[in-house]
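Participant: Chains as they are written, first to last, in numbering that gives the first Met the number 0: chain Z, 0 to 330; chain Y, 0 to 536; chain S, 0 to 197.
A portion of the hints provided could be inaccurate.
Stated by the list, open to error - Derived DMTMM-like pairs (lysine to aspartate or glutamate); straight-line CA-CA distance at most 25 angstroms:
1) Z/Lys-72 to Y/Glu-408
2) Z/Lys-308 to Y/Asp-57
3) Z/Lys-71 to Y/Asp-407
4) Z/Lys-308 to Z/Asp-237
5) Z/Lys-71 to Y/Glu-408
6) S/Lys-48 to Z/Asp-163
7) S/Lys-23 to S/Glu-33
8) Z/Lys-71 to Y/Glu-521
9) Z/Lys-308 to Y/Asp-443
10) Y/Lys-482 to Z/Glu-76
11) Y/Lys-53 to Z/Asp-294
12) Z/Lys-72 to Y/Asp-407
13) S/Lys-48 to Y/Asp-299
14) S/Lys-48 to S/Glu-33
15) Z/Lys-72 to Y/Asp-330
I should point out that these hints are in silico values taken from the structure, not numbers from a laboratory. These figures come from a predicted structure and were not determined experimentally.
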Amino acid sequence: MRERTLFLSAIIAIVLIGLGFLVAGQANLMPREASTRAVEVDQLFRVLLGVSTVIFFLVEGALIYAVLRFRKKAGDESDAPAIHGNTSLEILWTLIPAAIVVVIGVYSFQVLGSIETPGRGPRVVEVIARQFSWGFRYPEEDLATTELHLPVGQPVVFQITSEDVIHSFWVPAFRGKRDATPGQVSEMAITPTETGVFPIRCAELCGAGHSIMTSQVVVESPEAFDAWLAQQQALASDPGQFFLTLGCGGCHTLAGAGTTASVGPPLDGLAARAGDRVPGLDAAGYVEQSIVDSDGFIVPGFQPGLMPKNFGERLTPEQTQALVAFLMAQP
Amino acid sequence: MTATSASPGWRRYFTWNTDHKVIGVQYIVTAFVFFMLAGILAMLVRTELRAPGKDIIDGATYNQVMTNHGSLMIFLWILPVLAGFGNYLIPLMIGARDMAFPRLNALSYWLIPPAGLLMLASFFAGGAEAGWTAYVPLSIGGPPGQTLWALSVILLGFSNIMGAINFLTTTITMRAPGLSMWRLPLFVWGMLATAILSLTATPVLTAGLVLVAFDRMIGTQFFAVASGGDPILWQNLFWFYSHPAVYIMILPAMGIVSEVLPVFSRKPIFGYRMIALSSMAIAVLGMTVWAHHMFTSGMDPRLRIPFMVSSMIIAVPTGVKIFSWLATIWDGKLRFTTPMLFALGFISMFLIGGLTGIFLAAIPVDLHVHDTYFVVAHLHFVLFGGSVSAVYAGLYYWFPKITGRMYDERTGRLHFAANFIGSNLTYLPMFAAGLMGMPRRVADYDPEFTVYNELATFGSLLLAVSVLPFLYNVILSWARGPKASANPWSGKTLEWQASSPPPPENFEQIPTVTSDPYAYGEEAPKAAEPAAAPATG
Amino acid sequence: MSHDAMMHAEDFRAGAALGVDHRKVGMWLFIASEVMFFGGLLATYLHYKYILGFPEASGLNIVQVGINTTILLTSSLTVVLALSSIRAGKGGQLSIFLLLTIALGLAFLSGQVLEFSHLYGEGVTLTSSVFGSSFFTLTGFHGLHVVAGVIWAAIVLVRGLRGAFTAERNMGVEVFGLYWHFVDIVWIMLFTLIYLIP
Numbered sequence: 000m001r002e003r004t005l006f007l008s009a010i011i012a013i014v015l016i017g018l019g020f021l022v023a024g025q026a027n028l029m030p031r032e033a034s035t036r037a038v039e040v041d042q043l044f045r046v047l048l049g050v051s052t053v054i055f056f057l058v059e060g061a062l063i064y065a066v067l068r069f070r071k072k073a074g075d076e077s078d079a080p081a082i083h084g085n086t087s088l089e090i091l092w093t094l095i096p097a098a099i100v101v102v103i104g105v106y107s108f109q110v111l112g113s114i115e116t117p118g119r120g121p122r123v124v125e126v127i128a129r130q131f132s133w134g135f136r137y138p139e140e141d142l143a144t145t146e147l148h149l150p151v152g153q154p155v156v157f158q159i160t161s162e163d164v165i166h167s168f169w170v171p172a173f174r175g176k177r178d179a180t181p182g183q184v185s186e187m188a189i190t191p192t193e194t195g196v197f198p199i200r201c202a203e204l205c206g207a208g209h210s211i212m213t214s215q216v217v218v219e220s221p222e223a224f225d226a227w228l229a230q231q232q233a234l235a236s237d238p239g240q241f242f243l244t245l246g247c248g249g250c251h252t253l254a255g256a257g258t259t260a261s262v263g264p265p266l267d268g269l270a271a272r273a274g275d276r277v278p279g280l281d282a283a284g285y286v287e288q289s290i291v292d293s294d295g296f297i298v299p300g301f302q303p304g305l306m307p308k309n310f311g312e313r314l315t316p317e318q319t320q321a322l323v324a325f326l327m328a329q330p
Numbered sequence: 000m001t002a003t004s005a006s007p008g009w010r011r012y013f014t015w016n017t018d019h020k021v022i023g024v025q026y027i028v029t030a031f032v033f034f035m036l037a038g039i040l041a042m043l044v045r046t047e048l049r050a051p052g053k054d055i056i057d058g059a060t061y062n063q064v065m066t067n068h069g070s071l072m073i074f075l076w077i078l079p080v081l082a083g084f085g086n087y088l089i090p091l092m093i094g095a096r097d098m099a100f101p102r103l104n105a106l107s108y109w110l111i112p113p114a115g116l117l118m119l120a121s122f123f124a125g126g127a128e129a130g131w132t133a134y135v136p137l138s139i140g141g142p143p144g145q146t147l148w149a150l151s152v153i154l155l156g157f158s159n160i161m162g163a164i165n166f167l168t169t170t171i172t173m174r175a176p177g178l179s180m181w182r183l184p185l186f187v188w189g190m191l192a193t194a195i196l197s198l199t200a201t202p203v204l205t206a207g208l209v210l211v212a213f214d215r216m217i218g219t220q221f222f223a224v225a226s227g228g229d230p231i232l233w234q235n236l237f238w239f240y241s242h243p244a245v246y247i248m249i250l251p252a253m254g255i256v257s258e259v260l261p262v263f264s265r266k267p268i269f270g271y272r273m274i275a276l277s278s279m280a281i282a283v284l285g286m287t288v289w290a291h292h293m294f295t296s297g298m299d300p301r302l303r304i305p306f307m308v309s310s311m312i313i314a315v316p317t318g319v320k321i322f323s324w325l326a327t328i329w330d331g332k333l334r335f336t337t338p339m340l341f342a343l344g345f346i347s348m349f350l351i352g353g354l355t356g357i358f359l360a361a362i363p364v365d366l367h368v369h370d371t372y373f374v375v376a377h378l379h380f381v382l383f384g385g386s387v388s389a390v391y392a393g394l395y396y397w398f399p400k401i402t403g404r405m406y407d408e409r410t411g412r413l414h415f416a417a418n419f420i421g422s423n424l425t426y427l428p429m430f431a432a433g434l435m436g437m438p439r440r441v442a443d444y445d446p447e448f449t450v451y452n453e454l455a456t457f458g459s460l461l462l463a464v465s466v467l468p469f470l471y472n473v474i475l476s477w478a479r480g481p482k483a484s485a486n487p488w489s490g491k492t493l494e495w496q497a498s499s500p501p502p503p504e505n506f507e508q509i510p511t512v513t514s515d516p517y518a519y520g521e522e523a524p525k526a527a528e529p530a531a532a533p534a535t536g
Numbered sequence: 000m001s002h003d004a005m006m007h008a009e010d011f012r013a014g015a016a017l018g019v020d021h022r023k024v025g026m027w028l029f030i031a032s033e034v035m036f037f038g039g040l041l042a043t044y045l046h047y048k049y050i051l052g053f054p055e056a057s058g059l060n061i062v063q064v065g066i067n068t069t070i071l072l073t074s075s076l077t078v079v080l081a082l083s084s085i086r087a088g089k090g091g092q093l094s095i096f097l098l099l100t101i102a103l104g105l106a107f108l109s110g111q112v113l114e115f116s117h118l119y120g121e122g123v124t125l126t127s128s129v130f131g132s133s134f135f136t137l138t139g140f141h142g143l144h145v146v147a148g149v150i151w152a153a154i155v156l157v158r159g160l161r162g163a164f165t166a167e168r169n170m171g172v173e174v175f176g177l178y179w180h181f182v183d184i185v186w187i188m189l190f191t192l193i194y195l196i197p
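Taking the hints into account, I'd like the entire structure generated from these sequences.
Facilitator: Here is the structure:
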C-alpha cells in the first residue's frame, strides 16, 4: 500500500512538473521583448508561472479529488476519524514552501540587480510628464521633443519627473515602469534591443485624461535616429518651436512636425478649414482662441477639460502670434 | 431610552441598542446595502469598459465611479461586514453575555451610517476621483468631494479602532471557564489578529488623512511640492495602514473557512495550533510589507529588497492554512451545503489570488505589472473570490443561528454556482490584459485589449445576476423559512449551545468548556456543559 | 435590561484570572492606538526635518518650553499622588491633587499658547511652511489631548467630590491617570525630538 502511494505520488509529481515546464515554456502572455531587461523579466515570469502551475494543480487537484472521493455516504451520520494533525507533514509543508520562496527570492534579487544596472556609456533622456501628455528632452543636444526616439542597442538612462501630479512612465515592451513624481527625478535604465514602435502608457491615475495619456517610443537604427534628431533640431529653431517645447505634439497630429497623436483634434490644414468654426472668428483668430482658451470651443468627438488652460500665461503675446503663424503656415 | 434585544421585531435594528447581536446584524445589513451600491458602480465600470472608446461616461466621471466603487467596497462593505461577524459571534463563541464595552460597541456601529452618507454625498459634491488610494498631489487639488471622502474615512477609522479595543478586551477578559487560548475557535483567533492590526495600523492612516484634509481645507503645506512637500510621504503613511488593511479583510474570512470546513466534514480542523499561529504570523509580517506597493515610486532601490523578502515570506503561513484546510477535508465525510460550497470556492480562488501575489512580490515582475490589470485581477481574486466567498459562507452558515430560520439549500447552491463561474469569468481575463500592457484605472484602452474586457464584462453580468437568488433566499427565509433548531449543523463551537436565535443574555448559565471546539470522531463529552456538570475549567 | 447593566464582575473572570481589569485593558489598547497616531504625525515631522533641515526651528524657545515641560511632568506627579490618596481612602487629598493637576495642565496650555503666539509673531504659522504645518499640527494635537485630559480631570474631580471613589473602588481615577501619563510621555518625546535634538 505504501509503495503504491509512493509510486502514484511520484507519477503525479512528474506529470505536474512536466505540466509546469510546458506552461512555462509555451505561455506567451507578454508583449514582444524589446529590451535587455524584458528577456530577463520574462524568464523570471515563466519560472514563477511554472512553479505556480504545479502548486495550483497540486492543491486544486487534491481539492477536487477530496470533493469526489470523500462525499458523505447516504445515511451515514457518524463522524470522520479524529485526526488533529501530523507534525511531520506540517513541518514539511512549512519548510518546502519556505525553501521555494527563498529560491525565488534569491533569483529575483539577482534579476533585479541585473536589470536595474545601466549599460555602458548610457545616453540620458529626460521624461517630463504632465496632464495629459509626455515630453522628452535630450540634454546632450539640448533638445525638447514630443516624441521619443531611441537608437537600437544603445543603453539609456531615463530621468523621469512630472510637472504637476504623479504619473508613471511605462513601456510594456521594455518591461520597465517608473513613477513620474513632481519635485523629484527618478531614474530607470533601459537598453532597447528591437527596432519598432512601442506604446508608452501612463500607469498612475493622474486625472480625467489618464487613459488617453499615451505616446510611442520609436526604436530605430543609429542613422535613422541621427536623422530624426537633425529634423527636430531644425524645427527647434523655427519660430513655431513652441509646438514642440510646450508638448502640443503629445496630443495633436501635425504632419509638418511629424507627430501622430490623436488625443486632441488634428492640426493639419487649419488655415483652410478653421475659418467657420466659431462665428466671428477667422481661422487665425480661432487658432489663437484655441490656444489661450482651451475649452472655448470643443471640436465634436473630443472631451473638454483635457487641454492645459494656462498657455495664455506661459506664452507672451509675441510667442502666441509666432505659434499661430507657424500653425497657419502648415499645409 | 435604550431599546433592548427583548424589544419586539425589526424596530430595534434601527435604534441605539447595546446588544452585540443586534449590533452585529446592524453592521451586516448596513454593509450589504453598501455592497449593492458599490456593485452598481462596478457595473457602470464594466459597461463603460466593454468596448474601447467612450461609451457612457467620460474620463472625469469614470474616475469618480471607480474611486467610489473601491472606497465603498473596502471601507463600507468588507471591513464592516467582517466586524459585524466578529460582533455577533465573539461573545457567543467565548461563552460571554456581551462585549466588554457594550455602549462603545453601539457607538462603533452608529458612526457608520453618517460616514457612509458622507462618502455618498462626496459623490455629488464634485466627487473624489483620485482612487481609493488618494495619491497626492492629485487628491489635494481635486474637487470638493475629496474632503468629504477624507472625513468619511477618518470617521470609519474611529469606528474600526473602537471595535478593535472591544474585540481585544472581550477576548482577553471574558472567556468562559475552561476556555483557554488553545481552545479558542479559529474564527476568534482570526479576529484577534485582525483587531491587533486594526488597532495599530488605522491610526497612521488617520494621521495621513488629517494632513490631506488640512492641506485641502486650511492650506497647510504638507504635500505642497513647491514648498518642499513630499508626495512619497503620503504613500508611506497610506500604505502603512492599507497593506495591513488587506489582512484585516482576509483574516476573519479565513477564520470563517476554518469554522465551516470541520463542521461539514465532521472532522477536526487539521493543525489547529499552526493555523492559529499562522494568523498571528500574518498579522506581524503584514506590518512589514507595505512598500511593496511602492516599488516603482522612485524609492531608494536598496530599500526595496527587505520589502520583497517579507512579502514573499508571508506566503508561508498562508500556505500552511491552505494545506491544513485540505488535510481537514481529506478523509472526511463531506456535506455540500451552501456554506461548504462557498468555503471550498474560497480555497480555489484565494489560491489564485495568493499565488499571483508572489509574482507581484518579485520586484522585476512588479516593475512591469504594477498598476495594471494584473493587479486588479489579483486583488479581486483575494477580496472577491476570497473574502466575499467567505462572507457568503458565513452568512449561510450562521443564518439559522441569527434568524432562527433555515434558508433554502437549492437556491443557495444556485447562488454559489453563478457566483463562482461569474467571478472566474470576470477576473481571469484581467491577468492577461495586464501582462499584455493594459494599465489600471483607465476609462478607455487600446483595442488590442478588447476581448479580455468583453469576457470580463460578460462575467460581471453573471455576478450581478447571481445576487438575486441570494436576496430572494435571505428575505423569504428570514420572513417565512422553516424554524431552525439550536444546532442544525452539529457544530461544536459555543454559539450552537444557545437557542436560535439566542436570548438577550446569550446563555442561561455561562457554560464551562472541557474540550476544544472541533472534537469530532471522539468519544468525548460535548464541548460545553451547563453548570450542572462539575466545573473543570 | 440594557446590556451594560447586564454585566457583572463574574463576566470578567478570565481577566481576573490574568490579574487585569477590563477597563484598564481597554485604556492600554486605546493608548496603543494613540501612540500610533502620534507616531504618524511625528514621522511626518522627522521626515521633513531630515530632508528640509527646518531652518525656521531657530525661532523655538527651548528655555521657556523646557520650563513648561517641567510643569507637565509635575502634573504627572500630582496624578500619582491623587491615586495613592484615594487608595489610602483619603478623598479630600484626592480632590486637592486633582485640582493641582488641572492647574498645572492649564499652566502648560498657557505656556504653549505663549510659544505659539511667539512663533506666529515671527511669521511661522500653520500654513506658512512645511515646518509650520508639521510643528503646529504635531504640538497642536498634543495640546488638544491635554485639553481633553484637563476636562477629564475635572469630571473625575466632580465624581470624587460626590463620593464615587473609595479605597477599593477607584478604577475611574486609575484609568484617568494612565491617560494623563501617556499624554505626558508623548510630550517628553516631542520636546526631545523637536526642541532638544538639533
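Participant: The structure should be examined with respect to each hint, and the outcome stated for every one.
Facilitator: Status of each hint after checking the structure:
1. Z/Lys-72 to Y/Glu-408: holds, 19 angstroms
2. Z/Lys-308 to Y/Asp-57: holds, 19 angstroms
3. Z/Lys-71 to Y/Asp-407: Satisfied, since the Cα-Cα distance of roughly 20 angstroms is no more than 25 angstroms.
4. Z/Lys-308 to Z/Asp-237: At roughly 24 angstroms apart (the allowed maximum being 25 angstroms), Z/Asp-237 and Z/Lys-308 satisfy the hint.
5. Z/Lys-71 to Y/Glu-408: Holds, at about 17 angstroms.
6. S/Lys-48 to Z/Asp-163: Answer holds: S/Lys-48 to Z/Asp-163 is near 24 angstroms, not above 25 angstroms.
7. S/Lys-23 to S/Glu-33: holds, 15 angstroms
8. Z/Lys-71 to Y/Glu-521: Given pair Z/Lys-71, Y/Glu-521 holds - Cα atoms ~18 angstroms apart, limit 25 angstroms.
9. Z/Lys-308 to Y/Asp-443: Within the cut-off at roughly 23 angstroms; holds.
10. Y/Lys-482 to Z/Glu-76: holds, 22 angstroms
11. Y/Lys-53 to Z/Asp-294: The hint holds at about 19 angstroms.
12. Z/Lys-72 to Y/Asp-407: holds, 22 angstroms
13. S/Lys-48 to Y/Asp-299: The given pair, whose Cα atoms are some 18 angstroms apart, holds under the 25 angstroms limit.
14. S/Lys-48 to S/Glu-33: Within the cut-off at roughly 22 angstroms; holds.
15. Z/Lys-72 to Y/Asp-330: Holds, at roughly 12 angstroms.
This entry satisfies every hint, going by the numbered hints stated previously.
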